[in-house]
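2 protein chains.
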Amino acid sequence: MARAYNFSAGPATLPEPVLRQAQAEMLDWNGVGASIVELSHRGAEFMDVAAQAEADLRRLLSVPDDYAVLFLAGGATTQQALLALNFAAPGQVADYVVTGHWGRTAIRQVEPYVRVHVAADGGPGGFRDIPPRDTWSLSADAAYVHITANETIHGVEFRDTPEVGAAPLFADFSSSIASEPVDVSRYGLIYAGAQKNLGPVGISVVIVRRELLQREGQPRADIFTYASHAARDSMLNTPPTWNWYLLGLTVKWMLDEGGVEEFARRNAAKAGLVYGAIDASGGFYRNEVAPAVRSRMNIPFFLSDETLTARFVAESKAAGLLALKGHKAVGGLRASLYNAMPVAGAQALVDFMHDFQQRHG
Amino acid sequence: MARAYNFSAGPATLPEPVLRQAQAEMLDWNGVGASIVELSHRGAEFMDVAAQAEADLRRLLSVPDDYAVLFLAGGATTQQALLALNFAAPGQVADYVVTGHWGRTAIRQVEPYVRVHVAADGGPGGFRDIPPRDTWSLSADAAYVHITANETIHGVEFRDTPEVGAAPLFADFSSSIASEPVDVSRYGLIYAGAQKNLGPVGISVVIVRRELLQREGQPRADIFTYASHAARDSMLNTPPTWNWYLLGLTVKWMLDEGGVEEFARRNAAKAGLVYGAIDASGGFYRNEVAPAVRSRMNIPFFLSDETLTARFVAESKAAGLLALKGHKAVGGLRASLYNAMPVAGAQALVDFMHDFQQRHG
Chain F
1 MARAYNFSAG
11 PATLPEPVLR
21 QAQAEMLDWN
31 GVGASIVELS
41 HRGAEFMDVA
51 AQAEADLRRL
61 LSVPDDYAVL
71 FLAGGATTQQ
81 ALLALNFAAP
91 GQVADYVVTG
101 HWGRTAIRQV
111 EPYVRVHVAA
121 DGGPGGFRDI
131 PPRDTWSLSA
141 DAAYVHITAN
151 ETIHGVEFRD
161 TPEVGAAPLF
171 ADFSSSIASE
181 PVDVSRYGLI
191 YAGAQKNLGP
201 VGISVVIVRR
211 ELLQREGQPR
221 ADIFTYASHA
231 ARDSMLNTPP
241 TWNWYLLGLT
251 VKWMLDEGGV
261 EEFARRNAAK
271 AGLVYGAIDA
281 SGGFYRNEVA
291 PAVRSRMNIP
301 FFLSDETLTA
311 RFVAESKAAG
321 LLALKGHKAV
331 GGLRASLYNA
341 MPVAGAQALV
351 DFMHDFQQRH
361 G
Chain X
1 MARAYNFSAG
11 PATLPEPVLR
21 QAQAEMLDWN
31 GVGASIVELS
41 HRGAEFMDVA
51 AQAEADLRRL
61 LSVPDDYAVL
71 FLAGGATTQQ
81 ALLALNFAAP
91 GQVADYVVTG
101 HWGRTAIRQV
111 EPYVRVHVAA
121 DGGPGGFRDI
131 PPRDTWSLSA
141 DAAYVHITAN
151 ETIHGVEFRD
161 TPEVGAAPLF
171 ADFSSSIASE
181 PVDVSRYGLI
191 YAGAQKNLGP
201 VGISVVIVRR
211 ELLQREGQPR
221 ADIFTYASHA
231 ARDSMLNTPP
241 TWNWYLLGLT
251 VKWMLDEGGV
261 EEFARRNAAK
271 AGLVYGAIDA
281 SGGFYRNEVA
291 PAVRSRMNIP
301 FFLSDETLTA
311 RFVAESKAAG
321 LLALKGHKAV
331 GGLRASLYNA
341 MPVAGAQALV
351 DFMHDFQQRH
361 G
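Keeping their order, the protein sequence lines are chains F and X.
The working numbering puts the first residue of the first sequence at 1, with every later residue one more than the last.
The working numbering puts the first residue of the second sequence at 1, with every later residue one more than the last.
Here chain F stands alone, though its shape is the one from the complex:
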């Protein structure tokens, strides 16, 4: 079939020009007689690709020079474990602000290593809001404070960077990195699986203030040491080269399209369309998140008549709108609107929602 609009929460839709370039180069990258996926990571060709991707990502996100940018195998969950190993002494307290499913996952990874202090928890409110900053109970001696910038399943998003005092702020930006301008200098560390806004699955980005790399952390293998990866330009071992290459193409595309300011505009427009349709549906559709923290990236929503949910999923799929089924943890429906989703895709979804309501409302 023709390319559909794919609302998957991740792995997620990629820009078609990026896929077309990867397709064209699949058997022969840049005339070298081999695919990029077949080239040594130590060769001049891939080293150039890797360095360009880093330079472009630094430009896209306005990363200050005193921050290292790492490209690492695996997803955000692995980074969650490495935060404690690299930056907290054994048993030291670490503060976690839990605003959804992924905040809880982050805690589970570090429980063997640190004393977790939940400084705030949106769980009692069903994760429909972010606890106000003045209610947080931050520790005096925390190794770091961890937040989840955007919660993919519950659909809540920090719209401002919280002030947390002396401890460095660590943030899981997996599902909202590069979706709008962010002041990186407000964070000690930002990490993100790439498979939502930065391109392909199978690679993560860690942006970390270099001085933090001097922390001793706790006993760990060299492969788990961010400072070792930083010292070797993320080539401590064989990195996921093809994924890195595709990330580079995606970042280049974002720069060419106008950078994060332009994507902030598009993302606001897309989210405005879908929330607008939900709020104007007279209760046929509903989203339960407090408007001030509604995610622009992931919009979970529900039909007032839940027996229609499966029909919505089937009919939208037939109409070329993929992966609108909600996460099993909350049910219902979900539309993910990452950078590679065009405004026309959000409009197509809204048109379908109107049509579905007319037929079933």
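Some hints here could point you the wrong way.
What the hints assert, rightly or not - Short derived list, chain F residues pointing at chain X, Cβ under 8 Å:
hint, residue
1, P11
2, A12
3, L14
4, R108
5, Q109
6, R220
7, I223
8, T241
9, L322
10, A323
What the hints assert, rightly or not - Just so you have them, the derived chain F footprint on chain X, three or more residues with Cβ under 8 Å:
hint, stretch
11, 6-19
12, 29-35
13, 38-45
14, 190-204
15, 222-229
16, 239-249
17, 320-334
Derived from the structure by calculation, the hints contain no laboratory data.
Cβ atoms here follow ideal geometry from the backbone N, Cα and C, with glycine treated the same way.
Chain F is already provided as a structure; the job is to place chain X on it using the hints.
Okay, now just chain X, sitting in the frame of chain F:
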């Protein structure tokens, strides 16, 4: 240019039919309207791809039912660290047989976790031979015995599975998995980065006897726990889906070509060609590894006149023979002859070697 013969040690050459299929499906996999790299790992489409890859790999390698097969992000180095975390008590002794560079790397990853006992070390002999089994000093109470089945840099390979008594035998098969029949039941665990014989970079395979997953190991994050990955069919978190898909295509290709028996035949033929050319060169080329343990996968070799090495690399590249420069740790030249390298590629190399010798000998 046309497709060259690529002798890279990894990431390495892939079968052209696999690349062509990935190319054809890049924008639309199986008519679903999206690329496989854009599909959710939790969706029926990718779950089928993943399950088929596992079934095919089990068939290719004749994996017994009481072994789990895991598909994990990252490379072999991460697995090296996880061996100790999952299977050894804190500070327990683990035996390592060191036959080259990668055996040393494996030790470095576990030193924070176990008491490493080097049961045998080929280092004093320059890694030109594998210490005979009857000289190994195995511990009575080792958590496991670790070997490197094939050393990519030094070019030595176990041609038989050593008998090690009661402790389970763990083996790094990164550069020789699926290159010939192996009796998996002789091993407690086999691990391999995929980027040599199994397909793309960015994913590793771990084949482990299920009963070993019950070992307590030592404190670690859930994401570092093999039993958790096994319980969730390697979908504990978002796996590197595209890499898994390409691995599946590669395994399918190997089955279609005749399986490991056929590749054992081809690999013996390829290695025979190149070693034959070296040995018949009257000293113009030399390989210093004891013939009985010469690697079929990676052939490091040297010119008697080392000032000609750079010229050999440049001229061979111009002739469409890529990545023949040796690893910096040993210098010289190296030809890697993984499953996807056709016999015609080895013949082309040998023809070039003859020609080069005639011009410079």
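Tested hints:
1. P11: Interface hint status for P11/F: holds (6 Å vs cutoff 8 Å).
2. A12: 6 Å, holds
3. L14: 6 Å, holds
4. R108: 6 Å, holds
5. Q109: Nearest chain X Cβ about 4 Å off; hint holds.
6. R220: Holds, about 6 Å.
7. I223: Cβ of I223/F sits 5 Å from chain X, so the hint holds.
8. T241: The hint holds - T241/F has a Cβ within 8 Å of chain X, the shortest such distance being about 5 Å.
9. L322: 6 Å, holds
10. A323: A323/F check passes; min Cβ-Cβ to chain X is 6 Å, inside 8 Å.
11. 6-19: holds (count 10)
12. 29-35: Satisfied; 5 residues make the cut.
13. 38-45: Holds: 5 residues of the stretch 38-45 of chain X have a Cβ under 8 Å from chain F.
14. 190-204: Result for this restraint: holds, n = 6.
15. 222-229: With 3 residues close enough to chain F, the hint holds.
16. 239-249: holds (count 6)
17. 320-334: It holds: at least three residues are needed, and the stretch 320-334 of chain X offers 3 whose Cβ sits within less than 8 Å of chain F.
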